[in-house]
Amino acid sequence: MSEATRDPNGEPTGNTQGLEHNPNLPDLHVDRYEAAWMRISLVTIAVFVVAIVISTTSYGIQVPGVTARIDPNTLMTPPNPFAEPGLRELAPGKYEAYIRAQVWSFAPSEIRVPVGSQVTFYATAMDVQHGLKIVGTNVNFMVLPGQISKLTATFDQPGTYNFICHEYCGAGGPTIGHHTMYGQIIVEEAAVAADRK
Amino acid sequence: MSVQTLPLRESTVPVTPTPLTEADRRMVDRLTGWNVGIGIGALTLGLLLGVLQGLEHAGLDLYPFLQPVLKSYYHGLSIHGVLNALVWTTFFICGFFTFATVRSLNRPLSYPWINTWALIVMVAGLVLAAIPLLLNMATVLYTFYPPLQAHWSFYLGLTLVVVGSWMVGYGLYFTYGAWRREHPGERTPFIALAVLITMVMWQLASLGVAAEILALLLPWSLGLVAGTDPLLGRTLFWYTGHPLVYFWLLPAYISWYAMLPAQTGGKMFSDSLARLVFWLFLLFSTPVGFHHQYTDPGIPAAWKFIHMVLTYGVAFPSLLTAFTVVASLEIGARARGGKGWLGWIRHLNWGDPSYTAQNLAMILFVFGGIGGIINASYTLNLAVHNTAWIPGHFHLTVGSAVTLTFFGICYWLVPKLTGRQLFTKGLALAQGWTWFFGMLLFANGYHMLGLNYGVPRRTMLGAAPYASAEWTPFLMETLVGVILLFISATLFFLVIVGTALNRRKLTAPIDMPVAEPADPRPAPAWLDNWGPWLWGAVGLVIVSYGPMLFNLIHTAEFWSRGYTPWPR
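Residue numbers (this note's numbering), protein chains in the order written: chain A, 1 to 197; chain B, 198 to 765.
In isolation and in its complexed conformation, chain A is listed as follows (with noise of 0.2 angstroms):
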């Protein structure tokens, strides 16, 4: 890209008499106008990529990598931890929730934490593919066979987040079937929480 669209942001507009006799330098008329368009288009596209990179280095905001692989048709055999999928308590706050995707529900379909804390989300695929988004966060990402997707989150507010999966696996009948696949994820106030311990 840059070797084209250098050139004629280097050429005022009709300064092209020169040029003419020599074939090895480019001879490409552009308008003043249009050349002025093509800064602001690449000036756009600078603008994007710094305000993405900003988002995952000061807002942290991350988009799954690789984590690990795993055997689909192993898991359901302890001690992997996909066997008894649910939520861990790593310390207080900070918890890490090991879900378990397959035809058409997932494992746990039920997640309570208290308010503020710190969720990392495990997944994998028992069967097809899957997909796991919760609505409200930035968790969203796609559940397959054979890797384990994951992403951190943080629930600041009390509520329910209901996690649905957004990859078609199958049709099912109108009662069951892809669209009856989700799960939540209940955020409870501080002394609910406390409560029901």
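In case anyone wonders, no lab produced these hints; they're calculated from the structure. It is possible that some hints are incorrect.
Only part of the chain B face toward chain A is listed, based on derived beta-carbon distances under 8 angstroms [stated by the list, open to error]:
#1 Q264
#2 T336
#3 L338
#4 Y342
#5 S350
#6 K501
#7 G566
#8 I570
#9 R654
#10 A660
#11 N726
Cβ coordinates follow ideal geometry from the N, Cα and C atoms, glycine included.
With the hints as your guide, set chain B onto chain A.
Then chain B, alone, in the frame of chain A:
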């Protein structure tokens, strides 16, 4: 052309150009007619199924009444996606490209049998894929992600459609080569050059899905191997999946750049920059596929970031297009008496259905393009990935920018091919406007549902237990859109069938509209030189995909057997 006339090196002896005879024209018209006709047939069925989906989302579930033929929402959805996104586009494009190349070079196909066989292979592929698809043996949606497993005939059929489209390309390359020998030193006419670049891009880009099907899915569905690797399959699929959208879009760009200005009395604002834009698409269309896999496990975030930057690179030629095309149309509107900063817009050729449909398609593409940049934005994508936002987006792009433009092209191409008058101008105009407003409402509703409520894409929403009353206003908005689109689709079908059966023959011959460049100076020679661009494209693919693909293949684990989780 006989072999003796082929010089070994660049010859000073000019080869006599082969004239384009009436018989050559008729042959190409027939070929194009079959391609376009099959495409429209597929689209008609696909659109009807789309209406059922829209009604289901609004609470009117008609699927129980269609049980004997349509087994589930997802059965219909699979047919909708495959027919509209894969079959309609590919068939129309192959027909349009063959027509446009021959007219643009003003030269017959060098080997018409290649293009004829290409069509036969594509039709054979369509039949092989359609049988399991219609019989509910390939209810895997048009992305056919393993380990969902379709009948092997579905995969084989899709492969043949792709191979047929390659053959269309080969026929055009040979024709271009012959033209080149007959016209040494001349600049390739823009339309032909743009078609060829698009076809070469497609050739490079479709290697991914070809590898996915031939190496993974076909042997696996035939039972020759027991398992497959879903992540490797997805990666190969999206290697093709994103450039596929440029394979759809660039034919529309060709019409916008080089035909549409002529339809409103304008000229190509910059022939050189239009060429540059197509070369940039050859460079940047393919090495961007990980932006469809931002949320995939097993791919390092760094590679995703690199592909984001490259995706922004491919946004640049589209931004250039926005300027150049609008400037070309403005030249036309001002020549037609338009004045003022914006007043000229009223003087565009709004009375012509072919022009109007395409201009409306361009307006919808502004929103589609903005949404596309959002989708490509790495972390921002987490907010919308796999939500209703995404089908909202691609109904503006492939469903509007591409499809509505192809409708517009049909409004001169079908009369041209059939020799009959358009039936009628009024109906065709109404078709364009109803599609425009229908898609605006439909896509807006979907974008809002996905962004605000995380509503998942391609889901039987009317039956979802997590459905919320908050969705209702937007579902109603999409329903109004769907109704308008249904009216529009019916109008399109009426216009096409009405034209084909019209008793009124054309009074004056029509041919492909070709816009002249505003600047008569020829484009610089480096914009007619394949080498650097082609090797640059291959190099970028190797750099951006090579290490990760090597890694995924090297560490592949064929753990996943096939699943068919749908009622038969």
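Verification of the hints:
1. Q264: violated, 11 angstroms
2. T336: holds, 6 angstroms
3. L338: Result: holds, 5 angstroms to nearest chain A Cβ.
4. Y342: This hint holds: Y342(B) lies near chain A, its Cβ roughly 5 angstroms from the closest one there, short of 8 angstroms.
5. S350: violated, 20 angstroms
6. K501: Check passed: Cβ of K501(B) comes within 6 angstroms of chain A, closer than 8 angstroms.
7. G566: This interface hint is violated because 12 angstroms lies over the 8 angstroms limit.
8. I570: Cβ of I570(B) sits 7 angstroms from chain A, so the hint holds.
9. R654: For R654(B), the interface hint holds, since the closest Cβ of chain A sits about 7 angstroms away, which is under 8 angstroms.
10. A660: With Cβ-Cβ at 5 angstroms, under 8 angstroms, it holds.
11. N726: violated, 11 angstroms
Comparing the model with each earlier hint shows violations of hints 1, 5, 7, 11; every other hint is respected.
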